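Number of protein chains: 2
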Amino acid sequence: MSTTPATKGLEGVVAATSSICFIDGDKGILAYRGIDIHELAERSSFEEVCYLLWFGKLPNAKELSDFQAQLGAERKLHPDIIKLLKSFPTSAPPMEVLRTAVSALSMYDPDAAKVDHESNIRKSIRLTSQIAMIVADFDRIRKGKDIVEADKSLSTSANFLLMLNGEKPSDTADKALDVALILHADHELNASTFAARVIAATLSDMHSCITGAIGALKGPLHGGANEEVMKMLFAIDKAGEDPVEHVKKMIAEKKKISGFGHRVYHTEDPRATHLRRMSRDLGTKDGKPKWYEMSEKIEKFIKAEKKLNANVDFYSASTYTTLGIDIDLFTPIFAISRMSGWAAHVIEQHNDNRLIRPRADYVGPKHPAKYVPMDQRG
Amino acid sequence: MSTTPATKGLEGVVAATSSICFIDGDKGILAYRGIDIHELAERSSFEEVCYLLWFGKLPNAKELSDFQAQLGAERKLHPDIIKLLKSFPTSAPPMEVLRTAVSALSMYDPDAAKVDHESNIRKSIRLTSQIAMIVADFDRIRKGKDIVEADKSLSTSANFLLMLNGEKPSDTADKALDVALILHADHELNASTFAARVIAATLSDMHSCITGAIGALKGPLHGGANEEVMKMLFAIDKAGEDPVEHVKKMIAEKKKISGFGHRVYHTEDPRATHLRRMSRDLGTKDGKPKWYEMSEKIEKFIKAEKKLNANVDFYSASTYTTLGIDIDLFTPIFAISRMSGWAAHVIEQHNDNRLIRPRADYVGPKHPAKYVPMDQRG
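Protein sequences, first through last, are from chains A and B. Residues are numbered in our numbering as their position in the first sequence, beginning at 1, plus a constant of 59. Residues are numbered in our numbering as their position in the second sequence, beginning at 1, plus a constant of 59.
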């Protein structure tokens, strides 16, 4: 066996070739299919980004309108899935509900086990629409509210906010969520996407990959970080403390401050730039700039004190809260967006597959260890 | 960024240090915690192997009987999970049912989100008992039969066969399944276990890891192989063909013959030795040696013609069929067994964690690719 030395967490190890996402962590560059994230955040839409990620090119006007119509047409859930959502405890964490419901969807999907390109595209479209509906529907159900019917003509972001809140969002709110969905759409071989590719590489189906990815995103070291940021902001607000004093205390107590630093970026996370701006704009518009102002003070302090940059999670917390979204829906919203990237990577993996099967460096008892008979065991 | 060159499928790349499973692919050695698989297959039990994998040592008599009692005590499913199983289409693939039901279990698990050692052990015990029950219960449900109550005093294998068939298995059948469970319990960083560790490394919970692992195991390149072997044997039997002639035709048509070769073993898969013996013994005892005899002829031919060795999947097909188990339960049974290894790896990952986040070698359009305005797109 020829092996390379162990690198804990596969840091810096290249695990796949990919044409989807380009990251330069030193220069703070993120690009989908070569197009810079700043251009996409300012000029594109989430639907266009899905198209770009899955088809490898920007759609022309007809392609985009057809694609939007397909996404709209898939805004429907099998009645059994609605029943399923209603059967879960209302206290169930939304990420567990989402993971379970996405897994169940395969049983009602005509393309379930297929891994060819066309089937994968159809399932990507379906799942993108369905995941957003599951998140919104379960939130209504757990709050004892009626489910809101989907509007097939709206954007993914506007329809989600409509189904969540029961009313059409303002243009500012719609735009803010749309940009957040663009920014979170893909990030190369992050842990959830890598999990999706490991699963895809057994030639398992899209639903298995997405279910696994949701499970990975659920972890506090991945999707959970912006929840932690918001919990901190809420704690500061409740105690009426000075944000910087609070953070100083946390550092003294060796507590982790979420929302700062990134394994890949050594400069500002390019996504933070836009989320900071949205957090500020939304706060100003809303007359509730409190969360933004608090965040800004903390960011400046951590930057000066720890030389750490705010990452994508830091300002998404205040942005989502200003949009009126519950804290335990932050990660599900991340999933709505990242679904697009997961799908792109599953498609890429299936189209040129090789089983992903690394080795471990064995450090346990030396073989052959004795099988001690029962009566001689301590 | 410093990266090592891309190795497709991470072949030969060390992704973790581990004390659980030792494999020497050149010498055909497999050992759990240093103890050779041949010793374990001949002298141990599945319950003892679970203990060995999770606690790192063989249990003494009291430890083993306490542990068996704990496994027995967890042979219960929340009524909502039974309802869930009854709500699925009876045509649903059992692996999709298992993936969904395991995901749902977290909503009823008192330790759901915890990742500490003790909680993980409790969940490992619970899930090992619950997964076997889900597989058996759904098979009864889809066949319109009543669910069979668990017998807390039986071994995992005997209880599973009881719950599946409605009667206590013969000692030979119980022993055959018990050995199969021992042989499949762990195999280092195979794709499903690696998926579980990638998910665990975000500090996500055991249920997320196992759900993802089930999704990976479902893939035809992983758990699905023994199903393919059995489909081939059924096709040969139905056509009344000579097994070797059938396989020759498959080779001429460039069809893949499942159940041969292994990325890691370059000699006989040590698990195949025991499954071959069990397939033969069961066939003899049963008076139905047909599947074994067919398999043996194919094995000899492929060995001579292609220099490929039978792997773990080849003789598990005839073994399970001789046990009267449906073909689409082969992979779920693999999951019942591998649950023990998945859990051991999740526990090990959580106890010394680092996020698993590799990099991709980007080969897409060069950044910055132009964001072409809509009216200029082709």
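Everything labelled a hint here was simulated from the structure, so no lab data went into it. Careful: at least some of the hints might be erroneous.
Repeated chains share a single entry, so a pair holds when one copy, or any two copies, can fit it.
30 Å max Cα-Cα, derived BS3-like pairs, lysine-lysine [as the list claims (entries may be wrong)]:
id	residue 1	residue 2
1	Lys67	Lys86
2	Lys314	Lys173
3	Lys365	Lys135
4	Lys307	Lys173
5	Lys429	Lys121
6	Lys116	Lys308
7	Lys290	Lys173
8	Lys429	Lys116
9	Lys86	Lys145
10	Lys173	Lys315
11	Lys313	Lys173
12	Lys307	Lys121
Since the model is a prediction, treat every value here as computed from it, not as a measurement.
Checklist entry - Hint by hint, which ones does the structure fall short of? => result Failing hints, ascending: 3, 6, 9 and 12.
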